[in-house]
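> Now for the letters of each chain:
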Amino acid sequence: MAEKLLEIHNLKQHFNVGKANEVKAVDGISFDIYKGETLGLVGESGCGKSTTGRSIIRLYDATDGKVLYEGESVHGKKSKKELKKFNRKMQMIFQDPYASLNQRMKVMDIIAEGIDIHGLAKNSTERKKMVYDLLETVGLNKEHANRYPHEFSGGQRQRLGIARALAVDPDFIIADEPISALDVSIQAQVVNLLKELQEEKGLTYLFIAHDLSMVKYISDRIGVMYFGKLVELASADELYENPLHPYTQSLLSAIPLPDPNYERNRIRKAYDPAVHNYTETDDVKMREITPNHFVQCSDKEFAELQERMATKQ
Amino acid sequence: MEKILQVKDLELSFHTFGGEVKAIRGVNFDLYKGETLAIVGESGSGKSVTTKSIMRLLPEATSEFKSGEILFGGRDLTKLSDKAMQKIRGKDISMIFQDPMTSLNPTMPVGRQITEPILKHQKVSKDEAKKVAIDLLRLVGMPKPELRMKQYPHQFSGGQRQRIVIAIALACNPQILIADEPTTALDVTIQAQILELMKDLQKKIDTSIIFITHDLGVVANVADRVAVMYGGKIVEIGTVDEIFYNPQHPYTWGLLSSMPSMDAEDAKLYAIPGTPPDLLDPPKGDAFALRSEYAMKIDMEQPPPFFKVSDTHMAATWLLHPDAPEVEPPVMVIERMKKFPGSRYYEGGAN
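Chain order of the listed sequences is A and B. When you line the first sequence up against our numbering, it's residues 5 to 317, in that order. When you line the second sequence up against our numbering, it's residues 651 to 1001, in that order.
FYI, nobody ran anything at the bench for these hints, they're computed from the structure. Fair warning: there could be bad hints in the mix.
[Said to hold, decoys possible] Label pairs and their calculated CB-CB ranges: (1) B:Asp680 with A:Lys304: 55 to 61 Å; (2) A:Asn145 with B:Phe667: 26 to 32 Å; (3) A:Arg272 with B:Thr834: 15 to 21 Å.
[To be verified] Here are the simulated lysine to aspartate or glutamate pairs, DMTMM-like style, with alpha carbons at most 20 Å apart: (4) B:Lys918 with A:Glu311; (5) B:Lys702 with B:Glu831; (6) A:Lys233 with B:Asp837.
Idealized CB from N, CA, C, for every residue including glycine.
This is chain A alone, in the form it adopts within the complex (with noise of 0.2 Å):
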């Protein structure tokens, strides 16, 4: 298999530590990211999607666990210079196109932040030529770049934010619901732009999204989150064709698809964390079912789950 860009070990992110209100948003997940690839990342609201890609950025400092990328820890103690390192390689394009960017600053500016806190660019001719280069790998163009947020809409801000984010020319994007606030037609584009953009200049997604058909579409793995803690990962087409955690069932299950026929006959299954049955004494983790298929489970469930998968083949 590929080369592994980013290795997330037990991350933990727990809020309000030691109070009453404790909240322990991710608790406990590790997955590993390739060179190249797209991992999608999905749940419910409040799973913990968003702020594992929060943490790996460190937008969070983690509570316990790792994060390495390329071998080297993204948290703990780090001087300017390294900090300024990992955040050129690292990106995040955010959900809402309207609130992620700055009212009160041109595109110009926007974009070219970045630029200038890394001094990427020599002088101002380079460094407008480099915006108008973004802007055009965005499928806008250069006039833009003189016109303020309000002026465009959803699905121009939302290519506004990836030209933001690949303004410092990273290696791996995450992409924290990016098309979960725009129209369908609009939605298709700016998905279409993102794997346009992978291909060209190899980059590597975490996408993070409710929207399952989509997430199926962009992703190569997908990694399903419930109450803070991954329970099913596996390839996209695998996850699909043979959901096993019941949680990953119940999901798939409720998606509608723009099918009248299929919607009639479809039956949704509810997930009740009970059925599991697992006592205090069971070993619950993450196991691997199938080659690269892995899924939160007891000793006694990975064995039926094997059985059930082997009859299958």
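Starting from the known structure of chain A, fit chain B onto it as the hints suggest.
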């Protein structure tokens, strides 16, 4: 079937500093008793404005009915006085909004918010209204309704809040329920619960529902009939099967092709190029022509009339004119048409 609401040639404009925005440019549809009509289209296509004009919720200072009528129970809603309209709003026609947090009053216990329309529209005592409210909460699947009556909106989750909004909307057994993107702010699993609830309730109280959404999956799930809106007009209307399996308008084709299907290969998604038309200065001909690869010369000059596809199916596109050349729809649409008896790509007996 009995027609409960008729919208005829409705035209509505907003007056802004930039000029007159022609938000609705001649909309016609009927709503039958007990059916669910879904209205789909992108932001700015006029779907919310259409329903808000039925409810007369648009600001009177800036909006203006240019022509047309909305017939409900023999009366034209566009011409009613505010007072007469208040008697209909919340009683005969009620509405569910997208964001349950902003449509509930955060400083009022939910019980009082549910009894409010009951006390307003029906001659009942406070105690009786309270009983009705508790029954309503039970009806929408809220556990411990007596206790919940005294709680405030922030004590409920998003899905529960939307259940409360539905309870309020149903308080007076409305004949028409307008749901404006009622599940867009919710998770898929919660969305599925709310949709099931709405369908259940519709069976119980026989309400007609106008359902606005841009999620075609939701449409396929809830709708009996579908109206597709673009640029302030309905461009295609038909039964849910006709719209999904035998679409005729290039915009409907574009919409259906831009969604990845669950078994889609890694082909590129079809993205409708360009942006929606500027309704300050709407195009002379077919509003979709500039974004359509199927546009003909006449599309630029003259808006297409409705052509009848079947008794229940109409589409406004010149492609259906007898003189128009035969064109091939996108691949994903042809795949859909293969499943529909009566379409020219039908593969007979395939089922």
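> Check each numbered hint against the structure and report the violated ones by number, ascending.
4
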